[in-house]
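Novice: Sequence:
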Amino acid sequence: MSSGQLIVLTGPSGVGKGTLVRSLLARHNDLYLSTSATTRSPRRGEVDGKDYHFVTRPQFEEMINQGELLEWAEYADNYYGTPRLDLEEKINLGLKVLLEIEVVGARSIKETFADALRIFILPPSIEELENRLKGRGKDSPEAITRRLEKAKEELAASGEFNHTIVNDDFKQALQQLETLIFPI
Numbered sequence: 129m130s131s132g133q134l135i136v137l138t139g140p141s142g143v144g145k146g147t148l149v150r151s152l153l154a155r156h157n158d159l160y161l162s163t164s165a166t167t168r169s170p171r172r173g174e175v176d177g178k179d180y181h182f183v184t185r186p187q188f189e190e191m192i193n194q195g196e197l198l199e200w201a202e203y204a205d206n207y208y209g210t211p212r213l214d215l216e217e218k219i220n221l222g223l224k225v226l227l228e229i230e231v232v233g234a235r236s237i238k239e240t241f242a243d244a245l246r247i248f249i250l251p252p253s254i255e256e257l258e259n260r261l262k263g264r265g266k267d268s269p270e271a272i273t274r275r276l277e278k279a280k281e282e283l284a285a286s287g288e289f290n291h292t293i294v295n296d297d298f299k300q301a302l303q304q305l306e307t308l309i310f311p312i
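Oh and the sequence shown: position 24 is 152 in our numbering, straight run, nothing missing.
In case anyone wonders, no lab produced these hints; they're calculated from the structure. It is possible that some hints are incorrect.
[What the hints assert, rightly or not] Using 27 Å as the maximum straight-line C-alpha spacing, the simulated BS3-like pairs for lysine-lysine come out as follows:
#  : residue 1 : residue 2
1  : LYS299    : LYS224
2  : LYS238    : LYS278
3  : LYS178    : LYS224
4  : LYS178    : LYS266
5  : LYS266    : LYS224
6  : LYS238    : LYS224
7  : LYS266    : LYS278
8  : LYS238    : LYS218
9  : LYS280    : LYS266
10 : LYS299    : LYS178
11 : LYS280    : LYS238
12 : LYS299    : LYS280
13 : LYS218    : LYS278
14 : LYS299    : LYS266
15 : LYS280    : LYS262
16 : LYS278    : LYS262
17 : LYS178    : LYS218
18 : LYS262    : LYS238
Make the full structure from the sequences, and use the hints.
Specialist: Structure, rendered in structure tokens:
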């Protein structure tokens, strides 16, 4: 059996990573999405074990201490991380595993999975990113301000990744992703 592949998608909050990932999964049943762990509270409609593994801060810190996370970072006052075991099992089974994570975690993946396909999703502009964050209606004005400040820092890291895609036209961005993940 061929070995699988890890595909890392990253970019600032609100850039459309989640929407792109949902579309990829709907179009390609041979992709597997790794479910991250987080200490943040679930948003309306999110399901534990599907959207995230929602854990307490002490539980997350124990996962760190036990080496159960491939990567982890603190973002917007919450921990986020990738449970190692399930991801490695899927890759060893020959599956393409999508990992949608924030930039700090995506940077550290290069050290553990040097052959991972690492893709940075860019917004068309900071102004459009702000409009998207406000349009989601999920965050307070203070949280949006924090996310935009963080986004400015994260955008500077885009050149560290194998590929960048500007999510201006959704269909075009999705097609570019598919071309990278499923080369002819």
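Novice: Given the hinted pair LYS299 and LYS280, is their Cα-Cα distance within 27 Å?
Specialist: Since the Cα atoms of LYS299 and LYS280 sit roughly 25 Å apart, the hinted pair holds (cutoff 27 Å).
Novice: Holds or violated: are the alpha carbons of LYS178 and LYS218 at most 27 Å from each other?
Specialist: 16 Å, holds
Novice: Regarding the pair LYS238 and LYS218, is the alpha-carbon distance no greater than 27 Å?
Specialist: 18 Å, holds
Novice: Can the restraint linking LYS178 and LYS224 be considered satisfied, given a maximum Cα separation of 27 Å?
Specialist: Judged against 27 Å, a Cα distance of about 18 Å means the pair holds.
Novice: Given the hint that LYS266 pairs with LYS278, test it: the Cα-Cα distance must not exceed 27 Å.
Specialist: 17 Å, holds
Novice: Measure nothing beyond the straight line between the CA atoms of LYS280 and LYS266; if it is 27 Å or shorter, mark the hint as holding.
Specialist: Since the Cα atoms of LYS280 and LYS266 sit roughly 20 Å apart, the hinted pair holds (cutoff 27 Å).
Novice: Assess, step by step, whether the Cα of LYS218 is no farther than 27 Å from the Cα of LYS278, and give holds or violated.
Specialist: Given pair LYS218, LYS278 is violated - Cα atoms ~32 Å apart, limit 27 Å.
Novice: Are LYS278 and LYS262 close enough, with their CA atoms no more than 27 Å apart?
Specialist: Satisfied, since the Cα-Cα distance of roughly 15 Å is no more than 27 Å.
Novice: Take a quick look at whether LYS238 and LYS278 sit within 27 Å of each other, Cα to Cα.
Specialist: 21 Å, holds
Novice: Hint check: LYS238 vs LYS224, CA-CA at most 27 Å. Holds or violated?
Specialist: 17 Å, holds
Novice: Would you mind confirming whether the straight-line C-alpha gap from LYS262 to LYS238 stays at or under 27 Å?
Specialist: Distance of about 32 Å is beyond 27 Å: violated.
Novice: Would the hint linking LYS299 and LYS266 be met if the CA-CA limit is 27 Å?
Specialist: This hinted pair holds, its Cα atoms lying about 24 Å apart.
Hint compliance for this structure: hints 5, 13 and 18 are not met, and every other hint is.
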